[in-house]
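Asker: First residue of the sequence shown: 1, per this note's numbering; consecutive thereafter.
It should be emphasised that the hints constitute simulated quantities derived from the structure, not laboratory data. Watch out, some of these pointers could steer you wrong.
Below, in silico cross-link-like pairs of lysine-lysine (DSSO-like), each with a Cα-Cα straight-line distance of 27 Å or less [as the list claims (entries may be wrong)]:
{"no.": "1", "residue 1": "LYS99", "residue 2": "LYS89"}
{"no.": "2", "residue 1": "LYS99", "residue 2": "LYS83"}
{"no.": "3", "residue 1": "LYS41", "residue 2": "LYS99"}
{"no.": "4", "residue 1": "LYS89", "residue 2": "LYS41"}
{"no.": "5", "residue 1": "LYS238", "residue 2": "LYS107"}
{"no.": "6", "residue 1": "LYS41", "residue 2": "LYS107"}
If you anchor each label on the Cβ, the simulated ranges turn out as follows [said to hold, decoys possible]:
{"no.": "7", "residue 1": "GLU255", "residue 2": "ARG35", "range": "44 to 52 Å"}
{"no.": "8", "residue 1": "ALA108", "residue 2": "GLY242", "range": "27 to 35 Å"}
{"no.": "9", "residue 1": "ARG80", "residue 2": "THR36", "range": "39 to 47 Å"}
Positions of the beta carbon are idealized from the N, C-alpha and C atoms, including for glycine.
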Amino acid sequence: MGLRAVLFDLDDTLLWDARCVDEAFEAVCLHARQRTGVDAKRLEEAVREEAKALYASYDVYPFTQMIGINPFEGLWGRFRDGKPEFFRKLEALAPQYRKEAWTRGLKALGVDDADLGRELGEMFAAERRKRSIVFEETYEVLDALKGKFPLLLLTNGSPELQREKIAAEPNLAPYFDHIVISGEFGEGKPSAALFRHALGLLGIAPEEGIMVGDKLTTDILGASRVGMPSVWVNREGKERTGDISPTYEIRNLRELPGIVEALR
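Produce the complete structure using the sequences and hints provided.
Answerer: In structure tokens, the structure reads:
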């Protein structure tokens with residue numbers, strides 16, 4: 001039984017989300033340096049740490065972990081969509097979370113200014129929203145696969161936020177026969193139920209699909225739970241730890257067409 005469909009993760013597989021976040025932090029922290037004289041890099045480090053700690057303190061944190069919404073998405077997401085009531089709590093929390101994370105980061109460097117914290121929090125959301133970066137090989141590889149296989153985009157996160165990321169790249173969505181967002185389904189990767197839902201949309205057995213993603217603990221683990229082959233996109237050459245084993249490991253998406261053609 002040969003390969004019949006390819007499933008892709010979105011963030012840091014097709015879209016370079018980490019770089020967008022890095023650039024937004026850089027822009028805001030340089031602005032803060034001009035305003036206060038603080039060291040921009042130290043402020044970024046402080047805000048990142050404060051944001052993660054604050055995020056983990058909220059009662060919605062287990063839900064965000066299950067759906068797959070990270071602390072830095074919380075710093076710019078609006079969360080106005082999504083059926084579970086937890087999204088309404090996130091929507092209400094988000095403005096205060098942005099303000100508090102930046103205020104605490106400033107305070108860690110000796111600047112106690114809640115008004116500036118609010119300003120920087122809103123500036124970060126705006127700066128992140130300006131950016132959409134795809135990896136240089138993304139469209140080349142999608143072009144190579146489109147028409148040969150049905151393609152499905154399987155992404156964790158808030159429905160509104162993930163659709164905003166996709167809409168920022170208007171050429172991206174037409175490549176996919178289906179787009180599945182964890183916040184719409186109600187469970188996130190590595191949920192076996194989510195992967196079975198995706199397979200059902202494609203009308204294929206697990207061994208007839210292949211999951212392509214950058215995270216062992218979500219993309220690769222979820223695929224393994226339903227018996228589907230997987231490709232780990234390990235651009236940074238990270239060492240694999242634990243017992244999560246991808247079927248294939250690549251450093252660049254350009255290696256993918258050769259793999260899927262061999263499995264066809």
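Asker: Please go over all the hints and tell whether each is borne out by the structure.
Answerer: Tested hints:
Of the supplied pair hints, the one linking LYS99 and LYS89 holds, its CA atoms being roughly 16 Å apart against a limit of 27 Å. Between the alpha carbons of LYS99 and LYS83 the distance comes to roughly 26 Å, so the proposed pair stays at or under 27 Å and holds. For the given pair, LYS41 sits about 19 Å from LYS99 by alpha-carbon distance, which is consistent with the 27 Å threshold. Restraint check for LYS89 and LYS41: not satisfied, since their Cα atoms lie roughly 31 Å apart, outside the 27 Å limit.
Among the hinted pairs, LYS238 with LYS107 is inconsistent with the structure: their alpha-carbon atoms are about 34 Å apart, more than 27 Å. In summary, the hint linking LYS41 to LYS107 is supported, as the alpha carbons are separated by about 15 Å, within the 27 Å threshold. Checked against the hint of 44 to 52 Å, the pair GLU255 and ARG35 passes, with Cβ atoms roughly 45 Å apart. The hinted window of 27 to 35 Å between ALA108 and GLY242 holds, with their beta carbons roughly 33 Å apart.
One distance hint, 39 to 47 Å for the beta-carbon pair ARG80 and THR36, is violated here, with the actual separation near 32 Å.
In the structure shown, a violation is registered for the earlier hints numbered 4, 5, 9, in ascending order.
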